[in-house]
Every structure is written in C-alpha cells, then in structure tokens.
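**Student:** Using the sequences plus the hints, can you model the full thing?
For the sequence shown, the working numbering assigns the number 2 to the initial residue and increments by one for each residue that follows.
Read the hints as simulated data drawn from the structure, not as lab findings.
The beta-carbon is built from N, C-alpha and C at its ideal position, and this holds for glycine as well.
Among the hints, a few may not be true.
As the list claims (entries may be wrong) - Restraint ranges, calculated between C-beta atoms of paired labels, are given here:
id: 1; residue 1: S292; residue 2: K218; range: 22 to 30 Å
id: 2; residue 1: R231; residue 2: A180; range: 15 to 23 Å
id: 3; residue 1: A180; residue 2: H252; range: 33 to 41 Å
id: 4; residue 1: T139; residue 2: G30; range: 54 to 62 Å
id: 5; residue 1: K284; residue 2: A173; range: 27 to 35 Å
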Amino acid sequence: MNPPSLHLVQAFIAVVEHNSFARAADALGITPSSVSRFIKTLEQHLGTTLLNRTTRAMSLTETGKRYFSECNQALVQLRNAAEMVRDEQKLPYGSLVVSAPIAFGHTHVVPYLAEFLAAYPLVQLDLRLSDDYADLITDGIMLALRIGRMKDSSLVAHKILANRRILVAAPAYIDRRGAPTTLEDLYQHECIVSSASQDGMLWRLFSAGEERTLAPKGPIKVNNADAARRLCIDGLGIAFHSAVTMEAALHSGDLVQVLPRWTGRETGVYCVRPTRRIGPAAKAFLEFLTSCWQR
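**Tutor:** As structure tokens, this is what we get:
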C-alpha cells in the first residue's frame, strides 16, 4: 500500500492537536468541510477508523492513537530537516583555503580556529602557514593575510590591522648587556638578523621625520619571524620585527621594546584575495578574526 498524501496526514494531526475540525481548518487555512473530507479520505486509504465522531464529541480510536503518535514524530522530523536545510543556506559552508605568515598565523590565527569552526561547522578550513609569498591563483588560495607594504598587483587587498617594525629584546638580555640608548649603540649589541626580507637585513628606522639605516650584526641569522621571536625571547639578541608578531610576547613580558621612539615605517596587515567578490566562508572567517583581534 502506498503511503497517504502528506496533506491528509497534516489535516489529521491538526484535528487531533486542536480537538476540533473548525479550529484545525483555521490553522490550515482551509474550510471545515475540506478537513472532514481529508479525514474521511485518509481513513478510507488506511482501511480503518481513526476518529470516533458524534455531533457533540470526538475521540481517537486505539489505532488512531498509535497512528497519531507515529505521524506526529515523522512530521517533527520533516520540520527539523527543513530547518536544517534552511540553516545550511544561511551558514557559510564548503572549502576555504587561507594563507598566513608562520609567526602571525601562530599568534593571531591558530588560537581562534576552534571557536571559528564551532561557530561555522560547515566550513572545511585549509590553513597554510608560510613566509613565502604564495601564488593565490595557482595555489587555489581564497584569502591571504600578509604583513608589510603591498606591491601593485591584480590582487584585491585591504588593510585590516595597523603595523610597523619595532626593536625588541628579552628582559634577561637587557639585564646582561644593558639597554641601548642610541641607534649607534646597536652596533655594540647582538642583533638577530632576519634574512626573510630586505627590511630584515637592512634596518630602516624612523623618528620624528628623521630616517636612519643600519646594517645589523649578530651571531645568528634566520629566515623566519617565528624563529626570530623565539630566539629573542631566549635572550640571544635584539630583533627588529613586526609589532603584531611580537605583540603577545610584549604583553606577557617575555619581550620589551627598546629605543621605542625609533620604529619602522607604518605598514599594516592586509587581507588579499584574487577577486573583488569575497565568498561567504572567507567573509565570515575575516569578520570573525577581526572581531577576535578587537577583543
């Protein structure tokens, strides 16, 4: 036997819930005679009586009670399924490939991923941490977080955080070697040289409109900002790196800023993407991160 039409079952459920043909009709937006006809058709289809009806009262038969219980559960499941589908249309979903510098990713992205994925369970995140400038088109990257001045390109970029390079050192290093008081003093100190960019090899510092350039010297050279941060925390020298990269260590007291009136030129942290249209998953990810950073 084929199952009865859904509208017949809905009419039956409405009559039982409202204990009235008239009130069921109002709820369904049809006439009482239509409700009565639907119930009769349903009973004929099933070959049994579901409702005992008199001019003054109505009650469920034993079969009607069991049928109501089963059908009511089925309708609840159908409603839940419909709500789930509607919610999926509202929530961002699908694959999201994001690129970020290693140190910045460790401090400003990774700590918030569990919260993001709990809020957006339909997103499959592919996070790629690298200090190399990836080709967004070739590598299929939908969103890249980049630090520093943006070069002219066909990519769409907008600034999401202010940033500049600052001079930092561990308190233990300052206790051992003393704090520099002038830029010239840096030549007498151990500097952690970054080979990841020209800015790391040749330090350009600005203060009140004055610009100075110096070539740092030290016993160690690294090509990774995260390694430079760790070595600096371990007291191996003075580093000149992005404030956003060193922010957590400064806040915790693992590092202190030295010569604070001398910094790099104002740059920023940028969101870069291949096209002007940002997908819902990428938009949600970026908005979520920026709200976390603001907190």
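**Student:** Quick check on a hinted range of 33 to 41 Å for A180 and H252, using CB atoms only.
**Tutor:** 19 Å, violated
**Student:** Note whether the CB distance of K284 and A173 lies within 27 to 35 Å or breaks it.
**Tutor:** 44 Å, violated
**Student:** In this structure, is the beta-carbon distance linking S292 and K218 contained in 22 to 30 Å?
**Tutor:** 42 Å, violated
**Student:** Just to be sure I understand the hint, the distance between the Cβ atoms of T139 and G30 should be within 54 to 62 Å; is that true here?
**Tutor:** For G30 against T139, whose Cβ atoms are near 56 Å apart, the range 54 to 62 Å holds.
**Student:** Evaluate the given range 15 to 23 Å for the C-beta pair formed by R231 and A180.
**Tutor:** 21 Å, holds
In the structure shown, a violation is registered for the earlier hints numbered 1, 3, 5, in ascending order.
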